[in-house]
Amino acid sequence: MTATLPQFRRRASVAIADERLQQALDRGTGNFRRARDVAFAELPDADGLRDHFKAIRTATLADLGTYLQRWEANASAAGTRVHWARDGAEACAAVVEIAARRGATSAVKGKSMATEEIELNQALEAAGVTATETDLGDWLVQMAGETPSHIIAPAIHKTREQAAELIGRLAGRVMPEDDIPALTAAARELLRQRFLDAGIGITGGNLMVAETGSLVLVTNEGNGRMATSVPPVHVAVIGIEKVAPDWDAAAVWLSLLARSASGQPLSVYTSIVTGPRLPDDADGPEEVHVILLDNGRSNLLGGEYEEALQCIRCGACLNACPVYGEAGGHAYDSPYCGPIGAVVTPLLFGLERYEALPQASSLCGACREICPVRIDLPRMLVALRRDQEERAITPWHLRWLEGLAARILASPRRLRLATGLLRWLQRPLRGRRGLRLPGVLNPAGDRALPALAPRSFRQMWAAGELEEAGS
Amino acid sequence: MNPRAGERGPREAILERLAAAARPTTLPPPRIWPQAFADLATRFEQALTAAKGEVRRVADLAGAWETVDGILDEVGAKAVVANGEPPIAGMDLPARWPERRCHIAGACGGDLRAACAAADVGLSGAAAALAETGTIVVASGPTRSRLVTLLPPVHVALVPLSGLTADLFTWTAARNASLTADAAMPANVVLVSGPSKSADIEFTLTLGVHGPGRLIAILYDAD
Numbered sequence: 000m001t002a003t004l005p006q007f008r009r010r011a012s013v014a015i016a017d018e019r020l021q022q023a024l025d026r027g028t029g030n031f032r033r034a035r036d037v038a039f040a041e042l043p044d045a046d047g048l049r050d051h052f053k054a055i056r057t058a059t060l061a062d063l064g065t066y067l068q069r070w071e072a073n074a075s076a077a078g079t080r081v082h083w084a085r086d087g088a089e090a091c092a093a094v095v096e097i098a099a100r101r102g103a104t105s106a107v108k109g110k111s112m113a114t115e116e117i118e119l120n121q122a123l124e125a126a127g128v129t130a131t132e133t134d135l136g137d138w139l140v141q142m143a144g145e146t147p148s149h150i151i152a153p154a155i156h157k158t159r160e161q162a163a164e165l166i167g168r169l170a171g172r173v174m175p176e177d178d179i180p181a182l183t184a185a186a187r188e189l190l191r192q193r194f195l196d197a198g199i200g201i202t203g204g205n206l207m208v209a210e211t212g213s214l215v216l217v218t219n220e221g222n223g224r225m226a227t228s229v230p231p232v233h234v235a236v237i238g239i240e241k242v243a244p245d246w247d248a249a250a251v252w253l254s255l256l257a258r259s260a261s262g263q264p265l266s267v268y269t270s271i272v273t274g275p276r277l278p279d280d281a282d283g284p285e286e287v288h289v290i291l292l293d294n295g296r297s298n299l300l301g302g303e304y305e306e307a308l309q310c311i312r313c314g315a316c317l318n319a320c321p322v323y324g325e326a327g328g329h330a331y332d333s334p335y336c337g338p339i340g341a342v343v344t345p346l347l348f349g350l351e352r353y354e355a356l357p358q359a360s361s362l363c364g365a366c367r368e369i370c371p372v373r374i375d376l377p378r379m380l381v382a383l384r385r386d387q388e389e390r391a392i393t394p395w396h397l398r399w400l401e402g403l404a405a406r407i408l409a410s411p412r413r414l415r416l417a418t419g420l421l422r423w424l425q426r427p428l429r430g431r432r433g434l435r436l437p438g439v440l441n442p443a444g445d446r447a448l449p450a451l452a453p454r455s456f457r458q459m460w461a462a463g464e465l466e467e468a469g470s
Numbered sequence: 000m001n002p003r004a005g006e007r008g009p010r011e012a013i014l015e016r017l018a019a020a021a022r023p024t025t026l027p028p029p030r031i032w033p034q035a036f037a038d039l040a041t042r043f044e045q046a047l048t049a050a051k052g053e054v055r056r057v058a059d060l061a062g063a064w065e066t067v068d069g070i071l072d073e074v075g076a077k078a079v080v081a082n083g084e085p086p087i088a089g090m091d092l093p094a095r096w097p098e099r100r101c102h103i104a105g106a107c108g109g110d111l112r113a114a115c116a117a118a119d120v121g122l123s124g125a126a127a128a129l130a131e132t133g134t135i136v137v138a139s140g141p142t143r144s145r146l147v148t149l150l151p152p153v154h155v156a157l158v159p160l161s162g163l164t165a166d167l168f169t170w171t172a173a174r175n176a177s178l179t180a181d182a183a184m185p186a187n188v189v190l191v192s193g194p195s196k197s198a199d200i201e202f203t204l205t206l207g208v209h210g211p212g213r214l215i216a217i218l219y220d221a222d
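So the sequences go chain by chain: H and S. Here numbering that gives the first Met the number 0 is used: position 161 in the first sequence is 160, and no number is missing along the way. Here numbering that gives the first Met the number 0 is used: position 165 in the second sequence is 164, and no number is missing along the way.
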């Protein structure tokens, strides 16, 4: 997986030309945004709650090791088996080992970003374990051989016709594409059997609560509840940054998570798992394992990118982002797309591989505005661009253009000379809809640049052609 | 996952990195956001109804049981699973519903899981209920099955008015107050805030994806 500048541009261009996808993105992100605004307006002091949450996340990350060990001690006391994984390979190996020891050949998966990040499904397949995604959107995407394109609406890019075709293929009958409840009912039936047959249930986790050693996960469909309650073994993979010190903090976390994600006051199901079934429990898993995943996160602690670890993966910044709204999730080619993805993807998986992502932003600040943790994503996008410049990752022609622009903009005289020169040079390139620069020189990709006006503002001002505002 | 002798395992390696980045810090003191609901039951009803759940308000437990009878008739329930917790433990279900198959968690032998998978209705109590969000709290235990409230297409919960609390903050505060060494967290606690739902296909809301497609809370006065 990579996103170089040409790759990102090509994928974004394809997405922009896809009318159905553009409609789906507009509708989806618009719905989420409106619902989120309504939900926040109902809170007595939403801004105060966000400030409070920011303070909690900041303080927790500053002493992350202590809280993780407190969580580990309490989780272990409740019977949870805790594993630590430095990278994706170690995390996958831990899951595969559990499946092998239990003789499990089929796994059901609840919605999880961390297992996308470590490509667990491929590791399980290689070990002879069939893994079935059970979040409806994730399942459709898995059957289509694709990847999720939104943190909380993974199949935002799929149409009802495609859903009917995919479900029909597995059900062995033609499904009505205009009857979404019937599609859902068929999915329930097909996946219910997978749940009942599965040897192992695999989930992510939204947060851990150190005070009680609990793992908390939220879903609307119930896939998280099923995966943690039906199979004899439950394994969760969760990033080390997702720990709340106590239940007071967890309550703040939960009250912001679903509101930011979908505008719900709480998700339909908030599951709190504190160990496997007790000896006299009526039912429940015999084993609960939690795999604490580092995979580059600890590198960010204590530095200028630590703030990125405050993210709770609500997806609100995707819905606010004008670039995500046009380019869609697949342009980023990472489990984490949108503004937060543009920051954490290069940080976790390499700036060289994902050189386009820090550029995939207009720095308008809508992401920072909507973030429940007030993460300053634009600041970090700029810092990543600086890193690219320092490490000479930016392509030569862009570096050259940026250097030139910096010199010109630093002096009024140079700006006057340069614009005069450009006004003359642009004549042959001027079309009716703006400038058409040849390929590599055009920083706007496939789009036209606006042409320079015949006379500059300074010239018009000096000639007294402009009226003062308000006069 | 077995590190070679002399090599640090992943746990030690990660914790060492975290310790190197640690700074002195203090958590902000807990804040309670007081939400003034004139009437908790009314707010609960509004919130759960908005989330596509159903609420029936009755005077007392006898009224609650009559409501359950009515729901079972309406659904045409042939098989019922129930958690053998209060107040359900006090009712002889097979005698009340001789025409329906009943399986009671913690009271019947046999295959609870198969019974839940085949049941038309799951009946439970509630450990608590949150007014703000229309949430029912269900917990695991010897008479409290995880699957009774999860596998059947309809979940009916008997919720005493005394179990209502304002919101998540008052619930966790009460939980903190009651947390002593011998009152540990149940292994599984679920906050249920409506029927199972999805909008994953073209943002069209559908109910009953994996969990119950109908959630009916019967609010009754236990006094």
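These aren't lab readings, by the way, just hints derived from the structure by calculation. A couple of the hints might just be wrong.
No farther apart than 25 Å at their CA atoms in a straight line, the calculated lysine to aspartate or glutamate pairs in the DMTMM-like style are these [claimed, not checked]: (1) S:Lys51 / H:Asp178; (2) S:Lys51 / H:Glu305; (3) S:Lys77 / S:Glu65; (4) S:Lys51 / S:Glu73; (5) H:Lys53 / H:Glu41; (6) S:Lys77 / S:Asp91; (7) S:Lys77 / H:Glu89; (8) H:Lys53 / H:Asp282; (9) H:Lys53 / H:Asp245; (10) S:Lys51 / H:Asp177; (11) S:Lys51 / S:Asp68; (12) S:Lys77 / H:Asp25; (13) S:Lys51 / S:Asp222; (14) S:Lys51 / S:Glu65; (15) S:Lys77 / S:Asp119; (16) S:Lys77 / S:Asp38; (17) S:Lys51 / H:Asp245; (18) S:Lys51 / H:Glu188.
Hint check results:
At most 25 Å may separate the alpha-carbon atoms for a hinted pair to count; S:Lys51 and H:Asp178 meet this at roughly 20 Å. For the hint pairing S:Lys51 with H:Glu305, the CA-to-CA distance comes to about 40 Å; that exceeds 25 Å, so the pair is violated. Of the pairs offered as hints, the one joining S:Lys77 and S:Glu65 holds, with about 17 Å between alpha carbons and a cut-off of 25 Å not exceeded. For the proposed pair S:Lys51 and S:Glu73, the alpha carbon gap of about 18 Å is at most 25 Å, so the pair holds.
At roughly 20 Å between alpha-carbon atoms, H:Lys53 and H:Glu41 fall within 25 Å of each other, so this suggested pair holds. Using a Cα cut-off of 25 Å, the hinted pair S:Lys77 and S:Asp91 holds, with the two alpha carbons roughly 17 Å apart. Proximity of S:Lys77 to H:Glu89 is assessed by CA-CA distance (about 49 Å); at most 25 Å being required, the pair is judged violated. The straight-line distance between the Cα atoms of H:Lys53 and H:Asp282 is roughly 38 Å, outside the 25 Å bound, and the hint therefore fails.
For the hint linking H:Lys53 to H:Asp245, the alpha-carbon distance of about 15 Å falls within 25 Å, and the restraint holds. With a CA separation close to 22 Å, the supplied pair S:Lys51 and H:Asp177 stays within the 25 Å bound. Under the criterion of a C-alpha separation no larger than 25 Å, the hint pairing S:Lys51 with S:Asp68 is consistent with the structure, at around 22 Å. Restraint check: the Cα-Cα separation between S:Lys77 and H:Asp25 comes to about 45 Å, which exceeds 25 Å; the hinted pair is violated.
Only pairs whose Cα atoms come within 25 Å are accepted, and S:Lys51 paired with S:Asp222 is rejected, the gap being roughly 29 Å. Among the hinted pairs, S:Lys51 with S:Glu65 is consistent with the structure: their alpha-carbon atoms are about 23 Å apart, no more than 25 Å. Taking the CA atoms of S:Lys77 and S:Asp119, the gap is near 7 Å; set against the 25 Å cutoff, the hint holds. For the given pair, S:Lys77 sits about 37 Å from S:Asp38 by alpha-carbon distance, which is inconsistent with the 25 Å threshold.
For the proposed pair S:Lys51 and H:Asp245, the alpha carbon gap of about 31 Å is over 25 Å, so the pair is violated. A threshold of 25 Å between alpha carbons decides the hint, and for S:Lys51 with H:Glu188 the separation of about 22 Å falls inside it, so the pair holds.
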